[in-house]
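Undergrad: Sequence:
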Amino acid sequence: MHRINQIILWLSLSTASAISMGQTTPVSELALKHLWELTGVDHFEPSGLSVCDNQLVTVSDRHSDQVFSIPRSPAATSRVEPFRSRLQVVDLPSQMRWQDQLTDTILRWTDKRLDWEGIHCDSRGTLYLASESLSAIAKVNPDGRLQWITPSLAAAVKKQGFINRINTGFEGVGVVQNQLFVALEREPRGLLTAQLHPLELTIERLQPVDEEGVSSHLSADFTGLWLEPTHFYTLERNYFRVCKRRYGNWQIEQCWSYQRTEKSATFRFHNDHYGMAEGIARLNNHLYIVLDNNQSPRRQTNRPHPLLFQFELPDGW
Numbered sequence: 011m012h013r014i015n016q017i018i019l020w021l022s023l024s025t026a027s028a029i030s031m032g033q034t035t036p037v038s039e040l041a042l043k044h045l046w047e048l049t050g051v052d053h054f055e056p057s058g059l060s061v062c063d064n065q066l067v068t069v070s071d072r073h074s075d076q077v078f079s080i081p082r083s084p085a086a087t088s089r090v091e092p093f094r095s096r097l098q099v100v101d102l103p104s105q106m107r108w109q110d111q112l113t114d115t116i117l118r119w120t121d122k123r124l125d126w127e128g129i130h131c132d133s134r135g136t137l138y139l140a141s142e143s144l145s146a147i148a149k150v151n152p153d154g155r156l157q158w159i160t161p162s163l164a165a166a167v168k169k170q171g172f173i174n175r176i177n178t179g180f181e182g183v184g185v186v187q188n189q190l191f192v193a194l195e196r197e198p199r200g201l202l203t204a205q206l207h208p209l210e211l212t213i214e215r216l217q218p219v220d221e222e223g224v225s226s227h228l229s230a231d232f233t234g235l236w237l238e239p240t241h242f243y244t245l246e247r248n249y250f251r252v253c254k255r256r257y258g259n260w261q262i263e264q265c266w267s268y269q270r271t272e273k274s275a276t277f278r279f280h281n282d283h284y285g286m287a288e289g290i291a292r293l294n295n296h297l298y299i300v301l302d303n304n305q306s307p308r309r310q311t312n313r314p315h316p317l318l319f320q321f322e323l324p325d326g327w
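For reference, each letter of the sequence shown is one residue, going 11 to 327 in my numbering.
These aren't lab readings, by the way, just hints derived from the structure by calculation. From the three backbone atoms N, C-alpha and C, an ideal C-beta is built for every residue, glycine too. Take the hints with a grain of salt, since some may be wrong.
[What the hints assert, rightly or not] The calculated lysine-lysine pairs, modelled on PhoX-like cross-linking and capped at a C-alpha distance of 25 angstroms, are:
1) Lys149 with Lys122
2) Lys149 with Lys168
3) Lys43 with Lys273
4) Lys254 with Lys122
5) Lys254 with Lys273
[What the hints assert, rightly or not] The following label-pair restraints were derived from C-beta to C-beta distances:
6) Trp260 with Asp153: 16 to 26 angstroms
7) Arg82 with Gln111: 16 to 26 angstroms
8) Pro239 with Gln205: 30 to 40 angstroms
9) Lys168 with Trp119: 36 to 46 angstroms
10) Pro307 with Arg215: 38 to 48 angstroms
11) Gly223 with Gly326: 12 to 22 angstroms
12) Arg82 with Ile116: 32 to 42 angstroms
13) Lys273 with Gly223: 14 to 24 angstroms
14) Leu117 with Asp153: 24 to 34 angstroms
15) Asn151 with Gln187: 16 to 26 angstroms
16) Gln109 with Thr212: 30 to 40 angstroms
Kindly generate the complete structure, drawing on both the sequences and the hints.
TA: Here it is, written out as structure tokens:
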């Protein structure tokens, strides 16, 4: 722990005017406060983050029937726990293409069937989950019953040039009143907003978001969303940054980097060519980012557990 504390102190004192990949938007470095190794679940690959009942909650893309909570403590490890009841999936979203129905038949008996990639919890404790494999959003009631609140949107988003390759689709989700936000991962990355009505869904806006002035050998992507009353925030895994955006035009107001933390010698994983951040959430005065290391071991310790970073909430948030 002494070595970890030294690294945290060094990271908290360091700032950067821009990250090394050469972006035009000024970026300061987030100050690391604490971290946890996430243990307790076999093959755990966290793929989203939210806050529910003052707890951090997450999903794993290899656990289709479960939502998890992440306890916070002074220790350097956190044993991930089940959150509420096990999910009760009884049907599939409507308007599924025959290709997706065939894929679901193949994946039905695997741990990747629903491929949860995003999670949002509203003020009433209702959970919303984004399924990448089905290109649809589900609502989970407190008793664990799951209801699809959108049809499969695969055809609609593919028509607009998205999901050109497997595993490049739904990655983040957020709901404000009846407005739905979805982050589309990459090639191209994009954002979608829609109105949720009792009997239908109306897509309001769906468009790509370009590189935004960043020169990088890694492709631009989105892997998480966090919604606040006046702004929303995008987690950009391959740019190692979090960006504050306006609801009206989606333009960036400010970005913060966590590259020095993720790429530090203490925390790096063996298989880290691409960024690993998969979920973002704010709880009180801290910002949380969870990494999915795809079970790759850490270089320094050879431990294969995912990491959860806790950062000080930055100025300008």
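Undergrad: Run every hint past the structure and note whether it holds.
TA: Status of the hints after comparison with the structure:
1. For the suggested pair Lys149 and Lys122, the alpha carbons sit about 19 angstroms apart, so the restraint of at most 25 angstroms is met.
2. At most 25 angstroms may separate the alpha-carbon atoms for a hinted pair to count; Lys149 and Lys168 meet this at roughly 23 angstroms.
3. Note on Lys43 and Lys273: the hinted pairing holds, with a Cα-Cα distance of about 16 angstroms set against a maximum of 25 angstroms.
4. With a C-alpha separation of about 31 angstroms, the suggested pairing of Lys254 with Lys122 is violated against the 25 angstroms cut-off.
5. A threshold of 25 angstroms between alpha carbons decides the hint, and for Lys254 with Lys273 the separation of about 22 angstroms falls inside it, so the pair holds.
6. Separation of Trp260 from Asp153 is about 36 angstroms and departs from the stated range, judged on CB atoms against 16 to 26 angstroms.
7. For Arg82 paired with Gln111, a C-beta distance near 41 angstroms fails the hint of 16 to 26 angstroms.
8. At about 18 angstroms, the beta-carbon gap between Pro239 and Gln205 misses the expected band of 30 to 40 angstroms.
9. For Lys168 paired with Trp119, a C-beta distance near 26 angstroms fails the hint of 36 to 46 angstroms.
10. Checked against the hint of 38 to 48 angstroms, the C-beta distance between Pro307 and Arg215 comes to roughly 42 angstroms, which is consistent with it.
11. Separated by about 19 angstroms at the C-beta atoms, Gly223 and Gly326 satisfy the suggested range of 12 to 22 angstroms.
12. The hinted window of 32 to 42 angstroms between Arg82 and Ile116 holds, with their beta carbons roughly 38 angstroms apart.
13. For the hinted restraint 14 to 24 angstroms between Lys273 and Gly223, the CB-CB distance of approximately 21 angstroms keeps it satisfied.
14. Between Leu117 and Asp153 the CB atoms are about 26 angstroms apart, so this pair conforms to the stated range of 24 to 34 angstroms.
15. Distance hint for Asn151 and Gln187: a CB-CB separation of about 18 angstroms, consistent with the stated range 16 to 26 angstroms.
16. The supplied range of 30 to 40 angstroms is broken by Gln109 and Thr212, whose beta-carbon atoms lie about 25 angstroms from each other.
Of the numbered hints stated above, those contradicted by the structure are hints 4, 6, 7, 8, 9 and 16, listed in ascending order.
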